[in-house]
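From these two lone chains plus the hints, build me the complex, please.
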Amino acid sequence: MVGRRELTVFILKRILFSFFVIIGTIIIIFLISHTLSKDPAALWAGPKARPSTIAYVTKEYGLNKPLYIQLLNFFEGFFSGNFGTDPVTHQPVASEIFYYFPNTIELVITALIFIIIIGVGLGYISAVHFNSKIDNAIRLLYTSAWATPTFLASILAVLVFTSYIHAFPSGGMYTPGLTPPQRITGIFVLDSLLTGNFGDFVNGLDHLILPSITLAFLNFGIVTRISRSGILNVKWMPYVKNAKAKGVNERSINRNHILRNGLIESNTVIAVMFGWLVTGTVVVEEIFSWPGIGRFAYNAITSDDYPALIYVVIIFTILVIIANLIADIMYAILDPRIRLGGTVK
Amino acid sequence: MSQGNSKKGTGKVAVIVIVIVILIVAGSAAYALSRRSTTTTPVKNSLLVEEGEFPDSLDPAVTYSTPGWEIMNQIYQGLVAPNGTSVTTFVGVLAYNWSISSNGMNYTFYLRHNVTFSNGDPFNAYDVWFSVYRTIIMDQSPEWILGQNLAAGNGINFNITANILNSINYSSPNSTDLQYMEYRNQSVQVVNPYEVIFHLGYGYNGQVPYNAFMMTLTTPMAAAVDPAVVEEHGGVVAGSTNAWMDSHAVGTGFYELGQVIQGQSITLVKNPNYWGNNVPKDQLNYAIEPAILNTVTIEYKSLASRIADLKSGTAQIIEAPIQDYNTLKTIPGVNVTLLPIIFGSSQGAYFMYMDPSALPELNNTSVRMAITYAIDYQGIIKSVFDGYAVQWVGPIPPGFPYYNQSVGNLAPYSYNRTLAAKYLAQAGYRAIFPNGTVENRNNPFPTVNFLYTSDSTSETETAQIIQSDLAAIGINITLTPLTFPSYEAVVFAPGNESTQYPMGINFYTEDYTASIDYVDAIANGYYIGTSAYYNSSIFDASVNASSTFNQSAIIQNFSYITHTMYYQYAIDWLYTPYFLSITASDVTGIIPNPAGSGAGYFMFYNTVHYT
Chain A
1 MVGRRELTVF ILKRILFSFF VIIGTIIIIF LISHTLSKDP AALWAGPKAR
51 PSTIAYVTKE YGLNKPLYIQ LLNFFEGFFS GNFGTDPVTH QPVASEIFYY
101 FPNTIELVIT ALIFIIIIGV GLGYISAVHF NSKIDNAIRL LYTSAWATPT
151 FLASILAVLV FTSYIHAFPS GGMYTPGLTP PQRITGIFVL DSLLTGNFGD
201 FVNGLDHLIL PSITLAFLNF GIVTRISRSG ILNVKWMPYV KNAKAKGVNE
251 RSINRNHILR NGLIESNTVI AVMFGWLVTG TVVVEEIFSW PGIGRFAYNA
301 ITSDDYPALI YVVIIFTILV IIANLIADIM YAILDPRIRL GGTVK
Chain B
1001 MSQGNSKKGT GKVAVIVIVI VILIVAGSAA YALSRRSTTT TPVKNSLLVE
1051 EGEFPDSLDP AVTYSTPGWE IMNQIYQGLV APNGTSVTTF VGVLAYNWSI
1101 SSNGMNYTFY LRHNVTFSNG DPFNAYDVWF SVYRTIIMDQ SPEWILGQNL
1151 AAGNGINFNI TANILNSINY SSPNSTDLQY MEYRNQSVQV VNPYEVIFHL
1201 GYGYNGQVPY NAFMMTLTTP MAAAVDPAVV EEHGGVVAGS TNAWMDSHAV
1251 GTGFYELGQV IQGQSITLVK NPNYWGNNVP KDQLNYAIEP AILNTVTIEY
1301 KSLASRIADL KSGTAQIIEA PIQDYNTLKT IPGVNVTLLP IIFGSSQGAY
1351 FMYMDPSALP ELNNTSVRMA ITYAIDYQGI IKSVFDGYAV QWVGPIPPGF
1401 PYYNQSVGNL APYSYNRTLA AKYLAQAGYR AIFPNGTVEN RNNPFPTVNF
1451 LYTSDSTSET ETAQIIQSDL AAIGINITLT PLTFPSYEAV VFAPGNESTQ
1501 YPMGINFYTE DYTASIDYVD AIANGYYIGT SAYYNSSIFD ASVNASSTFN
1551 QSAIIQNFSY ITHTMYYQYA IDWLYTPYFL SITASDVTGI IPNPAGSGAG
1601 YFMFYNTVHY T
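Chains as they are written, first to last, in the numbering used here: chain A, 1 to 345; chain B, 1001 to 1611.
One chain only, chain B, in its complex shape (with noise of 0.2 Å):
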């Protein structure tokens, strides 16, 4: 009786249980199912599109991440884009035309009139002046795209600081703000509320033209902000970010900032005050027409998320690395493209440095040319990237402008046990032959740390596959392997202190699309392992390349850096993974372009649209 009762006790107990459980999850499951069958049809007016990480700043002089520029591109406009898919001409955007004087040294711009922030504030020259300098004296992470070229003061009697900035009526400008805007000899002069000159010379580049320059001004750096809305929420503070401008956005751009959920998602809400709206089709280009999508909706989200959302048809957009190439291509309904190279090289090419400041053993150019015959790269390539990536010899990256011309005849380092082992035991160091001979037996090569980020698993097989190929002929390494933020800090630690990494995997992302750009960062001694080969006979060529606009004169000197690197053995050019465009086939009107980070490759999301 006592045990009946038992049973059945629990038996009620489970019941209600069970009841709860399956009430609360299949009444949520209803609702969503139900909710979801009226929604999976996209709103024709909107977009969203999914990403991997929040951007870092909505502010245009501190933000420094591909998410950030995204965002900034839509809001704040700046006086040139680069032409459609070129990555050589541009389009006016605030400017409707420019001129270059003969030295190189002096832009001069042409402003629109009637151009206004979304607020209603109307735009000139001056703002440009502000902005410009704002960026400068904020002085974060990326004001030397511009700090290369132009600083706050001349350096004999005239420096724009903070308080100046904040002391000028932009609107209403009195005579001595006026001297200051329009003063000759700084890199900024307002010549008239709608022409403005960047001279060139005052950055740390010194007294020379930079053939780059324009490119530099399409990025967020060099937009415009409206001077009322910094001034009314904290002004300029030299060295230091502005936390109301961190978190809002005010520009002349088609979108306005809409909805940001901190850490989840960001929307664009087409601007109902564009001036854009006002001018004749006929002068319009790409990079101001007006808006198409009234909102878009840019979520953070995980891969495995992404990758479903866009499934279900509730993501137009979505980003995803070249490792998920052939899962992505099975989605019905789903455009996937390998986009040119040059969209991979801009998103990062990547190379193993050699360092003989931290191992001296790495100066004997046979020991280096060892261990670059040793490594199969074009099995790198094929195991870890399915084969969608692609050799490169650098410093520039392959599709970058002059990247053909300078490599020449150069072919990507190639993979020749026999070779690498000859040249080891040549080198006096014991070296292993494919058909098991061993020379030098009793000396062998010293066991060397090699770095890369754990957080990366193509580094992680690349260096697994380096690890192994290595050892074949008789050089031994060990993986050191490290957080991406711990490595970050080792290889562009400045004085590039790699004692503990002699060896190891390092890249380059694009900063703005310029061949120069990676010529200076690789070939230069800024990264780690990259110091030890400088030299300055590549420095000159590299300020001769930027400084030119002499076609034959950039190719030779490009050239001469390529094949000087090249036959020192200090970089072994590993490879550049190629970039994916992902969208639903509805979608249309993209416009890519490597300098772009909407999904990390186009410029603007106001053509985008669907069929």
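Excised from the complex, chain A in its bound form (with noise of 0.2 Å):
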């Protein structure tokens, strides 16, 4: 019962920080975006505006008042979805960004599955075979995937896999001219499964398994890495010997002994991977022409599109605190010394 009440507090403890620290980060972002020039209405609306542009940025954002007036006004708009027009593509930003986002969460997701499958399994062959070979070989393997620049695995997987083994198609989310299934949830082929439309599912599994697959590549190697150095801590610990000298079945030691402990990092470690992903598909997205938010975010910096950039800085930032926050929650479940302060009562 104690243990249920601390973990509570925690919880909620971790909410309200994480909360003041959303805050806190649309306040700094807020005011870098709105001081740094002299004239941020003549920066938002791009180097060719008009003065008649110009004048309608400034109106659109309120950028002629007092700056704690636009912050509470950027607040007040935040909270209520309404993110103004943007100025370069004169779509609402918030109705922009949840067209793009779920598209990033399909792709963000399907990342991590195969991030989970790859980089756990890896992890633990790794570690049953500690300083063998086939160890070696992962090690060197999930080294150099780690180490691969972002653009040039995306670039060699378009060409190899679409120039050379036509495996995949070379970028986009479906095929042009497919009638999409009803928006749902926003995720084509969730949407797809949801409305029973089969061939749009087929279609859009087809465009998202190549830069599923490259993102997953690309990040698979730290959930190994850390996989397997848990699984070697928990190895040799006394309990496990133990267990073993007390003739424990080995499949029960290797589940409940080794694997359930030996992942906690693991576990930790793919939650805030979340956040990293989203934020790191701006290059995949953009070799890909996925059209995700990374995308988005792509086209609103090579468009001075400020006005874009600072909402989508906010969503990415607001993402790789809520996945810290998921973190942390279950490194509290799965490790009850942490939400007690390091000790165990």
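If you are wondering where the hints come from, they were derived from the structure by calculation, not from laboratory data.
Beta carbons: idealized from backbone N, C-alpha and C, even for Gly.
Some clues are possibly wrong.
[As the list claims (entries may be wrong)] Here's a subset of chain A near chain B, in silico, CB distances under 8 Å, partners left out:
1. PHE130
2. SER132
3. ASP135
4. MET173
5. PHE296
Here you go:
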């Protein structure tokens, strides 16, 4: 009972802390975006903007008002979902983010599934075959993957799997001309399944595999490494030896003693990785022409689209904070010492 | 025993992991392979085009990008279009004929009957009146293309506002509505439902003719939009865009807007109600012919994906930079052609500016000559573009009308280190001669910040070569690249505050195919570094060149500007890269025109088909 109450308090504290971090982050981003230039309206409207467009941007974002009023308006807009109109695309920024974000979630979750399967699997194999040729090969693989620049891996993937092998489409989320399923979650493959449109589902999967595997390839290394070291740490713990000495079944030792305890850190890394992957999709999405928030961010950067960029940065930041919060909570659930300040009562 | 069990367990996990991964990858690959084997042969009534950049807007009054204009030219139509490959003659589109008054101030257009928008609404002169004033009142970035000659008011007793535009009943105008539209002293005067007159002189150019006016009417700025559609979706708001019009399109063109996958692709579908279907064949021209292909899909992809899709036969037309020419040439089943240099000029003519307002030392002509002679222009073209670029003498870019006549006997600037060092020494600065001699050892030229955009590999490489060339004679420059948006903000900044960047690389890309477009921008001080040498005689010459229809006078004025700028050594004309046409070998019917935005080099997709 005491443990459960402590856990609840711990979680509430972390949520409150994260909330204040988010608020602080929004304020910092607001100040940077609104004070870096003498005339933010001219900057936001773009280098070739007419005076009327600059006037429009000034009015739209209240840039002629005192800074604290602008901040209050900014918060009001943010929490009411009114992010203003994008001066480059002329569409509401909120609807743009609402459109692009699920596409990125689709890519990231698929990549995460690959990362978990490959990362944890190889980490386990590597640990079990500690210091063997297999272990060395796996370490070489994940170190190489980890060290590969994102743009290089993405371009190579396109060249190899679309140009030479013709196994996958070179980009896009689904084939143009295909009637997309009714938008329910905004995640194409999921909506296809929910509406029973198997053709769309397969088409979406076909487009999803290559970018998600590329994203997974670049990032599975950290999970493999953490899994390997976690399992190795546990493998030689006295309680494992004790269980073996007691004649406990090997499978039971692996599952209940080694894997469960050895993968605690991996779980938290995977949670953190979610935020990491979302922010890391910029290059992958651009090269695979994936219409997600990363490509949207890339276009916002290249077209000087500050209003869009501000909210993309805020969304990215919030995701990273939430991912870290989830990781903290998971860690606290899996390892009570965390929530109890490092001691076990 | 326990070790054996462990290995057995490990093996099982390994097998499961491997099997899952292999199943997923192999299953997907097998599906993809089987699917692709049935789709690699292009469907002969559709075309897949791949480019890099998604359109900025689908509103003809707003879009100011090549991809945007490409879509606009298929869905919307203007009064006239360039005549095939010509950049000086025109064919009628929504107008079947026109006349120009002897003083060049009034353009009368006679409109086709039975033209309809794709929604069935009829087109007439009221729509032209509405569309032009809508563009002007919305006042978005490209508005100046019309605004230099036309305005919403006459400055005396007549002014069209957004409210007036929104209040008029265009399908059945009442007498008040007609009073507005038929008023004589305004930029666009409706004579009757099928006749409209453009009166020049109300725009910022003032009361002078403009010989490139017809070309400005070929841009989307002057395309006909349906007032009923605009009114139904928010109407016209002064100084503001219309969100609905930014993402939807209803025009009179041969294609309709099909599927838009935001950030990924746009599909154009043949307009089933296209008015051109009912025009007798002998009255058709290439700009109004009904589309041959049912669909044209334009996907916006990375360069690697574009080339991969061209190789696999998935895409039939792609855009790629000149640097990939040698690679693309080797792909079987693909036609890769170097287009005439006017197409490259239309995309971008590059120069290096020297701005004395940022560095007074650059006021010295000997210094500018030293810098000019220090640069190995041909070396840049060879190493950066594999030789696929030409050196030019501006401000008119090569291939454009009047280029040859304006340049006359002027040779492009040459590379001569001895001469460069001599001029630098003459200016009193430390100069290093090719034989190692150093003059004025104690008075080095100040180190200069050199601007270019790091987003361009060709500019980056060029800047590095220039840095090395200038160092060879004793001038040190610090390379200060900026990302394209920041770079653009500096080079296009109102007032051209270039104090941080006394030298740098700049370029100009066409807004409409007319030499005056370049001359105005480069010679008349609208760009960074160009204002320093602006003078009233060049301005007068540019006004004279654009306001006469006398060919000799045009050439004389352009020639004066070219020669004056040449001997000022204020702008070093660097290079104009060639532009590529890249198509599958069975694609035909493309009519290239530098005014066109289709894959960067043609106007319309209606004539494109397969052999």
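Each hint, compared with the structure:
Violation of the interface hint for PHE130(A) is found here, the shortest Cβ-Cβ separation to chain B being roughly 11 Å, above the 8 Å cut-off. At a threshold of 8 Å, the smallest CB-CB gap from SER132(A) to chain B is about 11 Å, leaving the interface hint violated. Hint status for ASP135(A) relative to chain B: violated, with the closest Cβ pair at about 12 Å, above 8 Å. The interface hint given for MET173(A) is met, as the beta carbon of that residue sits about 6 Å from the closest beta carbon of chain B, less than 8 Å.
Because the closest C-beta pair between PHE296(A) and chain B is about 7 Å apart, less than 8 Å, the hint holds.
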